[in-house]
Amino acid sequence: MTRAGFVIANLFRKKTRTILTLLSVIMSFLLFGLLQSVNHIFNAGADFIGATRLVTQARVSFTQPLPLSMKPKLESVPGVARVTHSQWFGGVWQTNTPLFVFALDAQSYHDTYPEWVMPEEQWRQFAQTRTAMVAGRQVADKYGWKIGQKIPISSNIYPQKNGSKAWAFDLVGIFDGKDENWQRQTNQIFINHDYFDEANLFGKGRTNFFVLKLAPGADAAAVTRIVDGMFENSPDETKTQTEKEFNLSFVKQIGDIGLIVRWILFAVFFTLLLVVGNTMAQSVRERVPELAVLKTLGFTDGSVLGFVLAEALALCLVGGLIGLALATLMGNLVEKGSGGQFQLRVDTWVWSVGIATILVMSVAVGLLPALRARRLKIVDALAGR
Amino acid sequence: MSESMVQVRNVTKTYERGKQKVEVLQGLTLEIPKGDFVALMGPSGSGKTTLLNLIGGLDQPTAGEVAVGGKRIDTLSSGELAHWRARNVGFVFQFYNLMPVLTAEGNVELPLLLTRLSGAQRRKNVAVALEVVGLSDRARHKPRELSGGQEQRVAIARALVSDPQLLVCDEPTGDLDRRTADEILGLLQVLNREHGKTIVMVTHDPKAAGFARRTLHLEKGQLLEQAA
Amino acid sequence: MLRQVRAITGINILSIPERWAPSLVIVIGLAGVVAVFTALLAMISGFASTLEAAGRADEAIIIRGGSETELNSGFDRDSTELIKQAAGIRPGADGKPLASAEMMVVAELVRKEDLHSGANVTLRGVDATAFDLRPQLKMVEGRKFTPGLRELIVGRSVQHQFSGAEIGHKVRMRGSEWTVVGTFQSGDAYESELWTDINIARTTFGRTGSSSVLVALDGTGGFDTLKAALAADPRLTVDVVRQQEYFSSQTRQFRQSIGVLAGVVTTIMALGAVFAALNSMYAAVATRGKEIATLRAIGFGGFPVLVSVMIEALLLALLGGLLGAVIAYVLFNGLTVSTLGRNFTQVVFSFKVTPELVARGLVISVIIGMIGGLLPAIRAARLPVTTGLREL
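Protein chains in written order, with the numbering used here: chain P, 32 to 416; chain D, 974 to 1201; chain U, 2 to 393.
Read the hints as simulated data drawn from the structure, not as lab findings. Idealized CB from N, CA, C, for every residue including glycine. Accuracy of the hints is not assured; some may be wrong.
To be verified - Sample of chain D residues with no beta-carbon within 10 angstroms of chain P, all distances over it, derived: (1) 987; (2) 1003; (3) 1007; (4) 1016; (5) 1026; (6) 1051; (7) 1093; (8) 1131; (9) 1138; (10) 1147; (11) 1153; (12) 1162; (13) 1193.
Unchecked claim - Listed next, the stretches of chain U that the computed footprint assigns to chain P, with coverage defined by at least 3 CB atoms under 8 angstroms from CB atoms of chain P: (14) 28-41; (15) 104-111; (16) 138-146; (17) 174-180; (18) 269-282.
What the hints assert, rightly or not - Quick list of the computed label-pair ranges, beta carbon to beta carbon: (19) 402(P) to 364(U): 33 to 43 angstroms; (20) 232(U) to 363(P): 30 to 40 angstroms; (21) 1115(D) to 333(P): 23 to 33 angstroms; (22) 317(P) to 380(U): 13 to 23 angstroms.
All chains, full assembly: derive it from the sequences and hints.
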């Protein structure tokens, strides 16, 4: 036996009580893990994007397309190395499963986004074949698409010139991401803008976004000012922002997810504190004579405080770790089950915050009982006072 | 037996119960030589347990001096007292001795957690202590699986395991039947006569006191000496 | 039997204050579950009812085939006229069909609490018929816009959530300036919009025709007549949807995703609450060990003891549930928020804590209370009398 063994043995004094308390802790941290990862995705999902690209959209909303004729003007701005464009296709798989399909210019896109990994041969095929499409690994895997197949995709916005919303494209390449973060984004599909613009009923030489790749050393803020200044007071006013800001602005429109998550977790942990705190308090109260005997044996007041705190820590740590592990498992299942659509990853950040919370919680629930244990007088305790 | 084990000089202990001040011990002086086996008797409220607590270093006197093994313990801080107790005293109480969550072995090992002995050494000392009290075959049992007498034996083994010079016992047989009580008291005698332990025992039972070498009587915080 | 139950329960309830700590755990635990559950559902209910309030069964929206939302849809001038003349549309008092061609443009306003990020709101270009078809829409401040001028009227909800939309202010869109001249109220999704004259919107934004057409249906057969008439015309590709159906489909996605969130969160919290309740009730039974044993020794049966424990659990659970409902109501009822609708524009809505929601919350807490009380109650009833007395 060791001091640690003694602490653990004491936890099982009242087995039912310990197990029920442990289960409460597990449930709380399960919820914590899931909610924090949801929150994290929404509010920090853009962290991995560097600051090398700007996105230009119509000022009012990205749903208003801009004319392609703007492109030369954008290319002329000092600090801009490359300009590519992208248009939202409104892709639908089979009856009503949404797809992330973008019509773009293969060559300039390839230059602007080195983070996509695909054999050069496939990029060339994509650029040369008008009806070609390339798909990200995640979405290709989900639907079992193979290179060489003709994939039927409909659009819920753009019909072909014959009025039909059903389109089909030849899959010539499958791309992956250069690292874990980019790999998570491989649920996109690209088609050729030229073909799309010409073949669709409303083709007008327009695009939703221009992506500007900055030259090394260029000042993003300056370029932004110049671009937006060029089109101010014109019918096609622009809003330019860094790619990261662009991603975040979308989330902000959904609402303050962080606030909702915080409120829920507050309610949960407030209750948990009560539950575990009560358990610890009861446990110490029942053991007053035993704690006194420990002191008679020569354990100092400080040691006894340590024992109680260690007990609180053991309880919270075991429950918390199991809860976080369950959350990670559930998150993985959700992610796999939705083919990458719901990326609920309980990552390092969530675990770190989780462990910090466990530690704070241990002290919060253990401190008062531990102080009580430290303070108790041997003589009074043994006499039953 | 001439060397002094316990020296209590002019000790007073006062408690405050609400607004009242109760003087439990008044200017008490006493000496216990090494190797002695003393029984402390007296009516309830006489202060015998209080005196025992002072001798064992569980409490401090309001005035006066207490020295054990030549060392003044009334001037020690509570932390120092804890360290001192670990090395110098073993306790046996009437109730609550054992941790219900540990086995007999585990209970006896507890004081050794305060030492720097390795796990193997600790287990060896535990085995020896359990052998002395004759309970080696019950080492793995939990207290609820032991009889009252067996529990007290384990308590005694624990009191011995750090090899202290002084054993302090507060009504050790108060909760036991006659036969078991006699067995426990016989064990204490063996520890005193063959192992040289100095024992101070509080009891209300004259038959138990009979096992000691001498008996001291207390009444209202004062000592009335009487030879065994 | 009933007398026994009443007697024991009475003793039981009176002794709850002695066990206030574990009892508090149940009350607060259940308050938390019910509060969160009620708040999330109030959010769904508020969003759905705001959108659905705008939907009538006797009006239909016509949009371009397959576009699903007004924003994705668009008709040229000829198509718009064809649609307005189709069979199945009820004529108005002046004999002309009650059909409103409407044009949607996306505008940007700044949120009140976050002045740096813009949010998209809908600008709807309309003519007079639009008002006829929406009797619930009333002007509450200022005046209607003057056709031909760049003037706007603004929904009250928009003014609550966004800055820069008060009367007299100017809103900039696509290089043009528009003045807000009035405020309207309608109690539904239209209140999250800016309205202006359709013709000035057409000329300013270089568009012709419309995004959608809203019509009043002529009698019970009107919908089918209209649908058939439009389908038969080879020049048109349209979807005809009852206004009610249009809005309820708009809420489906929101309802589903928040519904899933509410379900998952509440289930996990409820499980946690069950464990906490079990813990507390076991503790309560343990504390009362002597008392129960004494009662049994006197002659009270095991069943009344069981019932009394269950009643204690239920009482505490109900208390917790009520507390949770009150908290949800006080904190959330009427709270106005906005989020992204299907058009990628904002919809402003309020949380709605309805009596039905409160009832559902109470049912949940009662169920949890029963589960949390049952096992401990059985243990209490079966405790051997001698064991209990020994704790004396």
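**Study point:** Reported absence of residue 1016(D) from the contact zone with chain P (all CB gaps over 10 angstroms)
**Key:** Answer for residue 1016(D): holds, closest chain P Cβ roughly 17 angstroms.
Review point. Non-interface claim for residue 1093(D): all C-beta distances to chain P beyond 10 angstroms?
Key: Residue 1093(D) is indeed farther than 10 angstroms from all Cβ atoms of chain P, at 13 angstroms.
Exercise for review: Tell me if chain P covers the segment 104-111 of chain U under the three-residue, 8 angstroms CB rule, please?
Suggested key: Coverage by chain P holds here, the residue count being 4 at a Cβ distance below 8 angstroms.
Check your understanding: Do the beta carbons of residue 317(P) and residue 380(U) sit within 13 to 23 angstroms of each other?
Key -> holds, 18 angstroms
Practice item. Starting from the hint 33 to 43 angstroms, judge whether the C-beta atoms of residue 402(P) and residue 364(U) obey it. Key: holds, 42 angstroms
Practice item. Would you check whether the claim that residue 1026(D) is not at the interface survives, using Cβ distances to chain P and the 10 angstroms cut-off? Key: violated, 5 angstroms
Practice item. Against chain P, does residue 1162(D) hold up as non-interface, every C-beta pair farther apart than 10 angstroms? Key: Answer for residue 1162(D): holds, closest chain P Cβ roughly 23 angstroms.
Review point. Falls inside 30 to 40 angstroms, the C-beta gap from residue 232(U) to residue 363(P)?
Key: The hint (30 to 40 angstroms, Cβ to Cβ) is violated, given that residue 232(U) and residue 363(P) are roughly 47 angstroms apart.
Review point. Holds or violated: the segment 138-146 of chain U covered by chain P, criterion of 3 or more residues with Cβ-Cβ distance under 8 angstroms?
Key: This one is violated; 0 residues, fewer than the three required, reach chain P with a Cβ under 8 angstroms.
Check your understanding: Are all beta-carbon distances from residue 1138(D) to chain P longer than 10 angstroms?
Key -> holds, 14 angstroms
Exercise for review: Would you check whether the claim that residue 1131(D) is not at the interface survives, using Cβ distances to chain P and the 10 angstroms cut-off?
Suggested key: Violated, since 8 angstroms does not exceed 10 angstroms.
Check your understanding: Are all beta-carbon distances from residue 1153(D) to chain P longer than 10 angstroms?
Key -> It holds; residue 1153(D) is separated from chain P by about 21 angstroms at its closest Cβ, greater than 10 angstroms.
Against the hints set out earlier in the document, violations occur for numbers 5, 6, 8, 16 and 20.
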